[in-house]
Each structure stands twice: as C-alpha cells, then as structure tokens.
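2 protein chains.
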Amino acid sequence: MIAKVYVTLKKGVLDPQGKAVQHSLESIGYKEAEDVRIGKFIEIKLADIPKPDAEKKVKEMCEKLLANTVIENYRFEIL
Amino acid sequence: MIAKVYVTLKKGVLDPQGKAVQHSLESIGYKEAEDVRIGKFIEIKLADIPKPDAEKKVKEMCEKLLANTVIENYRFEIL
Numbered sequence: 001m002i003a004k005v006y007v008t009l010k011k012g013v014l015d016p017q018g019k020a021v022q023h024s025l026e027s028i029g030y031k032e033a034e035d036v037r038i039g040k041f042i043e044i045k046l047a048d049i050p051k052p053d054a055e056k057k058v059k060e061m062c063e064k065l066l067a068n069t070v071i072e073n074y075r076f077e078i079l
Numbered sequence: 001m002i003a004k005v006y007v008t009l010k011k012g013v014l015d016p017q018g019k020a021v022q023h024s025l026e027s028i029g030y031k032e033a034e035d036v037r038i039g040k041f042i043e044i045k046l047a048d049i050p051k052p053d054a055e056k057k058v059k060e061m062c063e064k065l066l067a068n069t070v071i072e073n074y075r076f077e078i079l
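If you read the sequences in order, they're chains A and B.
Going left to right, the first sequence walks through residues 1 to 79 as this note's numbering numbers them.
Going left to right, the second sequence walks through residues 1 to 79 as this note's numbering numbers them.
Since the hints were made in silico from the structure, they are not lab data.
Owing to the predicted nature of the structure, the values given are computational and were not obtained by experimental measurement.
Among the hints, a few may not be true.
One-sided excerpt, in silico: chain B residues whose CB lies under 8 Å from chain A [as the list claims (entries may be wrong)]:
#, residue
1, Y6
2, E32
3, D35
4, K57
5, K59
6, F76
Glycine included, every Cβ here is placed at the ideal spot set by N, Cα and C.
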C-alpha cells in the first residue's frame with residue numbers, strides 16, 4: 001500500500017525558494033510563470049494494514065512529523 | 001491557470017532524506033512505514049495562455065530547470 005502525501009505552505013507564508021525559482025524561470029524566458037510555490041511530495045510504502053488504519057496512521061504521521069501545521073497544509077491519498 | 005508539477009527521484013537513486021524520515025517515523029512508533037521517498041511538489045501560477053501552449057511551456061520548464069532528468073522523473077497537470 002502506498003500513501004502519497006502533499007505538503008504545501010499555507011497561503012500568506014512567504015516562499016523564498018519559490019520566488020527564486022520564479023525569477024530563474026523569468027530569466028530564462030518564461031514570463032508566463034507568474035508565481036511559484038514549492039512544497040513536498042512524500043511517498044510512503046506502508047505495510048499491509050486495513051485502509052482505515054492506514055488513513056489514521058498517515059494522518060498522525062503528518063501531524064507529528066511530516067508537516068509543520070503552523071505554516072503548512074497537508075493532504076494525502078492512500079492507494 | 002495553475003500547473004502542478006511533481007518531481008520524484010528515479011527508482012534506484014538513493015534518497016537519504018527519505019531514509020532519515022523513515023527512521024524518524026520508526027523511532028516514534030510507526031513501524032508500518034517501510035519506505036519513504038521524498039520529492040518536490042511545485043505549483044506554478046500561469047498567465048492566461050491556451051492550454052496546449054501551457055503544456056509545452058511547462059514541459060520545457062521541467063526539462064530546463066525544475067527537474068534534473070538524469071536522476072529525477074517529473075509529471076505535471078494543468079488545471
């Protein structure tokens with residue numbers, strides 16, 4: 001079973017890495033990139049446990065370790 | 001228009017960051033996380049251009065800047 005977790009900065013939180021990438025894109029000619037935000041994409045290979053348990057566990061993992069919920073949002077899917 | 005880009009390490013490429021996260025998860029009791037791979041999730045706000053153009057441009061951005069195609073795969077969607 002695979003969990004895919006997406007961690008993104010909350011709206012309003014500055015993203016200097018994204019800004020740097022946006023400027024780089026602009027400098028190589030991609031002026032249509034108006035804003036860039038960079039987040040994390042985490043793939044977790046899970047042992048075979050029932051899907052509801054997996055959902056509970058992954059939510060806990062996000063809250064405790066994977067995302068800083070003060071400044072980041074997360075969402076995940078279990079496949 | 002928003003482009004969502006997912007950049008992941010190719011299979012076989014070592015991911016020390018992922019390993020560190022996996023060990024941290026294990027040490028706080030999540031033994032069901034058997035493997036962790038960490039990639040990037042990039043959101044690009046695009047100027048209003050026709051969708052086929054946007055697809056072409058984003059593909060180019062990935063090849064030229066966002067992904068290192070020697071060790072990384074990318075995929076994207078335009079919304």
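*Could you work out which earlier hints the structure fails to respect and list their numbers in ascending sequence?*
Violated: hints 5 and 6.
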